[in-house]
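Participant: Sequence order for the protein chains is C and E. When we follow the numbering used here, the leftmost residue of the first sequence carries the number 1, and every step to the right adds one. When we follow the numbering used here, the leftmost residue of the second sequence carries the number 1, and every step to the right adds one.
Since the hints were derived computationally from the structure, they do not count as laboratory data. Among these hints, one or two may not hold up.
To be verified - Computed list of lysine to aspartate or glutamate pairs in EDC-like fashion (alpha-carbon distance at most 16 Å, straight line):
no.: 1; chain 1: C; residue 1: K588; chain 2: C; residue 2: D528
no.: 2; chain 1: C; residue 1: K131; chain 2: E; residue 2: E64
no.: 3; chain 1: E; residue 1: K57; chain 2: C; residue 2: D201
no.: 4; chain 1: C; residue 1: K82; chain 2: E; residue 2: E64
no.: 5; chain 1: C; residue 1: K131; chain 2: C; residue 2: D172
no.: 6; chain 1: C; residue 1: K82; chain 2: E; residue 2: D81
no.: 7; chain 1: C; residue 1: K197; chain 2: C; residue 2: D122
Claimed, not checked - Partial pick of chain C residues on the chain E-facing surface, computed with a CB cut under 10 Å:
no.: 8; residue: V16
no.: 9; residue: V32
no.: 10; residue: L34
no.: 11; residue: Y45
no.: 12; residue: R62
no.: 13; residue: A129
no.: 14; residue: I148
no.: 15; residue: S151
no.: 16; residue: T157
no.: 17; residue: P159
no.: 18; residue: S210
no.: 19; residue: I214
no.: 20; residue: P218
no.: 21; residue: Q234
no.: 22; residue: G524
no.: 23; residue: D528
Since the structure is predicted, the reported quantities are computational estimates derived from the model, not experimental observations. A virtual CB, placed ideally from N, CA and C, is assigned to each residue, including glycine.
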Amino acid sequence: MALPNINSAVTGVKRVRIWYGFVVVVMLIFGVRLFYVQVIRYDYYKTAALSDQLKQYEVPARRGVIKAHDGDGLLPLVLNQKLYTLYADPTYVKNNQNVALKLSAIIGVDANKLQGQLATKDTRYVILAKKLTPEQNTKILALKFPGIGSSAIDYRTYPQGSLAGQLLGFVDADGGGQYGVEQSLNTQLKGKSGLLKAITDASGVPLAASSGNIQTPPQNGKDVVLTVDLAMQQQLETILAKGVTDTKATGGSAVILDTSNGAVKAMANYPSYDPGNYATVENPSTFQNAAVSYPIEIGSIMKSLTTAAAIDQGVIKPNTSYYDPSFFMVDSFRISNIEEDGGAGQRTIADILNLSLNTGATWELMQMGGGEINLKARTAWNTYLTKHYLFGQPTGIEQGYEAAGYIPGPKENGAGIDLTYANTAFGQAMTATPIQFAGALSAMINGGTYYQPHLVESMINGTQTVMAAPKILATNVVSAGTSQAMIPLMQNVVQKHNFNVRFDQTKYTVGGKTGTAQIAKPGGGYEDNEFNGTYAGFVGGDKPQYVIVVFVDKPKVSNGAYAGTAAAQPIFGDLAHMLINDSYVSPKSR
Amino acid sequence: MTYSSSLSMNRSRFASQGRNAVSFRATETKLGPVSNSIILIVLACLLGLLYLTQVTKTNAYGYEINGLQQQHAVLKSEHDDLQVASARLQSLSRVQNSAVAKALVPVSPTDTLQN
Numbered sequence: 001m002a003l004p005n006i007n008s009a010v011t012g013v014k015r016v017r018i019w020y021g022f023v024v025v026v027m028l029i030f031g032v033r034l035f036y037v038q039v040i041r042y043d044y045y046k047t048a049a050l051s052d053q054l055k056q057y058e059v060p061a062r063r064g065v066i067k068a069h070d071g072d073g074l075l076p077l078v079l080n081q082k083l084y085t086l087y088a089d090p091t092y093v094k095n096n097q098n099v100a101l102k103l104s105a106i107i108g109v110d111a112n113k114l115q116g117q118l119a120t121k122d123t124r125y126v127i128l129a130k131k132l133t134p135e136q137n138t139k140i141l142a143l144k145f146p147g148i149g150s151s152a153i154d155y156r157t158y159p160q161g162s163l164a165g166q167l168l169g170f171v172d173a174d175g176g177g178q179y180g181v182e183q184s185l186n187t188q189l190k191g192k193s194g195l196l197k198a199i200t201d202a203s204g205v206p207l208a209a210s211s212g213n214i215q216t217p218p219q220n221g222k223d224v225v226l227t228v229d230l231a232m233q234q235q236l237e238t239i240l241a242k243g244v245t246d247t248k249a250t251g252g253s254a255v256i257l258d259t260s261n262g263a264v265k266a267m268a269n270y271p272s273y274d275p276g277n278y279a280t281v282e283n284p285s286t287f288q289n290a291a292v293s294y295p296i297e298i299g300s301i302m303k304s305l306t307t308a309a310a311i312d313q314g315v316i317k318p319n320t321s322y323y324d325p326s327f328f329m330v331d332s333f334r335i336s337n338i339e340e341d342g343g344a345g346q347r348t349i350a351d352i353l354n355l356s357l358n359t360g361a362t363w364e365l366m367q368m369g370g371g372e373i374n375l376k377a378r379t380a381w382n383t384y385l386t387k388h389y390l391f392g393q394p395t396g397i398e399q400g401y402e403a404a405g406y407i408p409g410p411k412e413n414g415a416g417i418d419l420t421y422a423n424t425a426f427g428q429a430m431t432a433t434p435i436q437f438a439g440a441l442s443a444m445i446n447g448g449t450y451y452q453p454h455l456v457e458s459m460i461n462g463t464q465t466v467m468a469a470p471k472i473l474a475t476n477v478v479s480a481g482t483s484q485a486m487i488p489l490m491q492n493v494v495q496k497h498n499f500n501v502r503f504d505q506t507k508y509t510v511g512g513k514t515g516t517a518q519i520a521k522p523g524g525g526y527e528d529n530e531f532n533g534t535y536a537g538f539v540g541g542d543k544p545q546y547v548i549v550v551f552v553d554k555p556k557v558s559n560g561a562y563a564g565t566a567a568a569q570p571i572f573g574d575l576a577h578m579l580i581n582d583s584y585v586s587p588k589s590r
Numbered sequence: 001m002t003y004s005s006s007l008s009m010n011r012s013r014f015a016s017q018g019r020n021a022v023s024f025r026a027t028e029t030k031l032g033p034v035s036n037s038i039i040l041i042v043l044a045c046l047l048g049l050l051y052l053t054q055v056t057k058t059n060a061y062g063y064e065i066n067g068l069q070q071q072h073a074v075l076k077s078e079h080d081d082l083q084v085a086s087a088r089l090q091s092l093s094r095v096q097n098s099a100v101a102k103a104l105v106p107v108s109p110t111d112t113l114q115n
């Protein structure tokens, strides 16, 4: 056997070592290169890679829905629905006529108009239709026309149509709530968008294995349950629309408020609009909920609150009688009544309300000052107006653009401050919204507790329901005794006025007060032949359950000086009968 | 001293004692530097393969999650559409204009409510 050749073995070992060394050198080169790429140029390459692979998506939060009462259950007033925007890239569309005809049959847009849009060559994006239903979208996509596509967009949908439109408001194209509840509760309704930041594949699907992915789930908006009763709201809108139309008024507002907690059960204005088609509204003021955002000189309905304030201060009694001279001269101006109220003579507190005596309200203000209108009288009345009845400040109801109204200060030193204050005693020279007056009247006849007028009963966050407790803004607005004394005084007004169908006061408690207000001219003074009609009252059984406030803007009635009686009172009557006939009101138990 | 050089030393010691070195050599195992390198490379490849397998598997779950999320979105959209349809069917204006409602006869209020 031949001995192994030592030289060849040594050569083999050397060769292995050379290869080994070669591999080590190659690995070193790789190592150095990797160090350069991964450590020294780390930021550069990371940025370059992530620019292609890292995608960031905003995960939109679902906007909360709005519901209202329907009998014992709830019905949605506002929902979310995915609708589709149909678009075209005209450079890819072939056979425009055929495409236009087939699309027209599905979306109901004129084929010639579509064909014209498809012929546009200076743009790559033409919107052909908006708010298409899923069924329409499916039919269109099934046609597989090149250059035709659709994108889904969440829209607010209103299953009840225009019902409570101004109260709800709408959501604009940027997702912001505008007017009404949508604006007032925008933060709670819209929720908070989530975030998905992830490494994705070429088609944009997040790679789950990436440890750097960030996923923050969206916080959906809260659902809102309103205090509104849908059937009551529907009837109020119908009655108000009829009343405004019958009197050829320019508009009107009405509010029904629960006296036990300040919950708004129905509130509407006429004319109104459909929030689902808000873009078609020509006059932006139609968006406003006038019952909340349009302060007016409320007229003689104020006399009920003036009388209550005077009784509450102890300067008059419910059965007080006084000599009415038929006019007072205040700051050289004559304050008088309408001719039908008769001349001078002995009058009662009931007469002041029933005959709506301006002189009576002025006399009540005088009693607050010890027999004349002075600083004491003005201060006392101002305290009731602003601290008890809470005029001159927003109520805080969940509505956009709530107005504060205006109450003149008692110490204003301009000429005619006494005259101004005499006017405030019968609802002129000051402004308030129907909702403010409803809140004040409710407090005056419920025993003296001012509950904040509110529209939100509860909010639902996922499975958790949070009830909104009634908020008390003021107590002892008037004493319980004053409150009790005012009820029959206002019932007397209803009994002595003509309603189409009268009220049975033995079974129900129905009281009210008419108001006819002069309309201030922009340059000062008042319009001669235009008046606003108002009516404020209550309806209940053993005690008043609901307050109703009606405002009719410039009705064309035979005698404008009776706008309250002729235009607003019939609406109040119909609303009060509706509450009784539909069993919203429980009859007296004894 | 390396492992292979220690084996070589042991072999010399047994030969000098007249033992059967041939049969002894047959049971010897040699692992040179090349083998070591190859084994290390293979192990690294295996580890890489294992890593890739796991990453691919995880990413596959990602696709599954994405599919389920899309399915959820479609179902949610259908649910919303049904909710809207249901609400529209219950809307007061629709009920008011229904054939049943139109067939109802208005009843005058009784004197229990008004006089």
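Participant: Need the list of violated hint numbers for this structure, in ascending order.
Facilitator: 1, 2, 4, 7, 9, 10, 11, 13, 14, 15, 19, 20, 22, 23
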